[in-house]
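Trainee: Since the structure of chain A is provided, determine the placement of chain B on it from the hints.
Line order of the protein sequences matches chains A and B.
Each residue of the first sequence is one higher than the one before, starting from 1 at the first, in UniProt numbering.
Each residue of the second sequence is one higher than the one before, starting from 1 at the first, in UniProt numbering.
Just so you know, these hints were derived from the structure itself, not from any lab.
Predicted model, so just to flag it, every value in this text is computed and none were measured.
Some clues are possibly wrong.
All copies of an identical chain are treated as equivalent in the list; a pair is satisfied when it fits inside any one copy or across any two copies.
Said to hold, decoys possible - Here are the simulated lysine to aspartate or glutamate pairs, EDC-like style, with alpha carbons at most 20 Å apart:
(1) Lys167 x Glu24
(2) Lys55 x Glu89
(3) Lys11 x Asp126
(4) Lys167 x Glu23
(5) Lys11 x Glu116
(6) Lys14 x Asp112
(7) Lys108 x Glu133
(8) Lys14 x Asp47
(9) Lys114 x Asp83
(10) Lys165 x Asp47
(11) Lys102 x Glu24
(12) Lys46 x Asp83
(13) Lys114 x Asp47
(14) Lys55 x Asp109
(15) Lys55 x Glu120
(16) Lys167 x Asp94
(17) Lys14 x Asp123
Next come the chains, spelled out residue by residue.
There are 2 protein chains.
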Amino acid sequence: MSAADEVVEVKARKILVAVDEGEESMYALSWAVNNLLVSSNNTTTKDTLILLYVKIPRVVYTTLDGTGRRMNPSTQGYLFSADILSSMEKYSNDVAQCVMEKSRRLCKDLQDVKVETKIENGDPRDAICEVAEKLGVDVLVMGTHGYGMIKRAFLGSVSSHCAYKVKCPVLIVKRPKSSSATRE
Amino acid sequence: MSAADEVVEVKARKILVAVDEGEESMYALSWAVNNLLVSSNNTTTKDTLILLYVKIPRVVYTTLDGTGRRMNPSTQGYLFSADILSSMEKYSNDVAQCVMEKSRRLCKDLQDVKVETKIENGDPRDAICEVAEKLGVDVLVMGTHGYGMIKRAFLGSVSSHCAYKVKCPVLIVKRPKSSSATRE
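One chain only, chain A, in its complex shape (with noise of 0.2 Å):
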């Protein structure tokens, strides 16, 4: 075997990274492949790519509490018939799968690498941090805006949040203003 066949072990790593349907996510996880999941035939990567999506549960109530006693809609929240509950969160759903087709499109090329695909439900915030800290990752990698837009409004900055708290690397990937998202 000559050296130029000569194959690079390396320990595997996980490698962690927070997906949503923004375009931003989106960046921050082709920038990862790009940069932390380049892989070669001369070194055996095997890491294991961990996509994670996190529904934000909405502040909702069914009509009837857990006693069967209808709630006072004024001081309970709003109220949504099982119909509308049920619409709610089949569009979820629906939301999530799409961002995770997406995700792992963009990592369709990658060699040597195991893709999988996580969906929680709770805080961006807590929920990415426990999932960093029960895997044991390597790495967490995840954009600025984490969470849209609007979601960030009332969320906060799940970016800084995370990187406060978990105790693994933080990769905050920003998107440029004008950017393809390839290794540059």
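Mentor: For chain B alone, coordinates are given in the frame of chain A:
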């Protein structure tokens, strides 16, 4: 030429790593070397790694102002003799050189990567952002505690400031409690 010999040419990147006298920034540099700059025989990146150290100016005044008049110590700040100022300057330069040598040693095994060093004066928060902007770097790497425990106390978090300000991706690397700074 066989497929195994084929050289994959990818666009060269500029990677800026902010280093200081703290162990955390050395860990951040090692992480970047092992995770962003891995090269193999089949991939020539020709990346440039820029090691940046920022010297923080001490708030001191000479005993004479520009016009030759002696300043009032109680209103103008501490007074130091030229000898002491010169010693402090020498010490500061020695620290910078020491950090740079240590940083260079961590990069000694890098192939196809041009390593440059840069020493700036000023507030590290501004200096790092300015260099990143001016050089148009592709990624900024830094530890969380940038600029040591004591300096951090009055400088605030350098990394969070830079993560907010710079336009390029920012990789914030925290040093685990027990770590060997290797790719893991």
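Trainee: If a hint holds in the structure, say so; if it doesn't, say that too.
Mentor: Results for each hint:
no. : hint            : result
1   : Lys167 x Glu24  : between (23 Å within a copy, 13 Å between copies)
2   : Lys55 x Glu89   : within (10 Å within a copy, 55 Å between copies)
3   : Lys11 x Asp126  : neither (28 Å within a copy, 37 Å between copies)
4   : Lys167 x Glu23  : between (26 Å within a copy, 16 Å between copies)
5   : Lys11 x Glu116  : within (18 Å within a copy, 28 Å between copies)
6   : Lys14 x Asp112  : within (13 Å within a copy, 26 Å between copies)
7   : Lys108 x Glu133 : neither (27 Å within a copy, 32 Å between copies)
8   : Lys14 x Asp47   : within (6 Å within a copy, 24 Å between copies)
9   : Lys114 x Asp83  : neither (38 Å within a copy, 62 Å between copies)
10  : Lys165 x Asp47  : neither (24 Å within a copy, 31 Å between copies)
11  : Lys102 x Glu24  : within (13 Å within a copy, 36 Å between copies)
12  : Lys46 x Asp83   : neither (45 Å within a copy, 58 Å between copies)
13  : Lys114 x Asp47  : within (6 Å within a copy, 27 Å between copies)
14  : Lys55 x Asp109  : neither (27 Å within a copy, 44 Å between copies)
15  : Lys55 x Glu120  : within (6 Å within a copy, 45 Å between copies)
16  : Lys167 x Asp94  : neither (32 Å within a copy, 32 Å between copies)
17  : Lys14 x Asp123  : neither (22 Å within a copy, 35 Å between copies)
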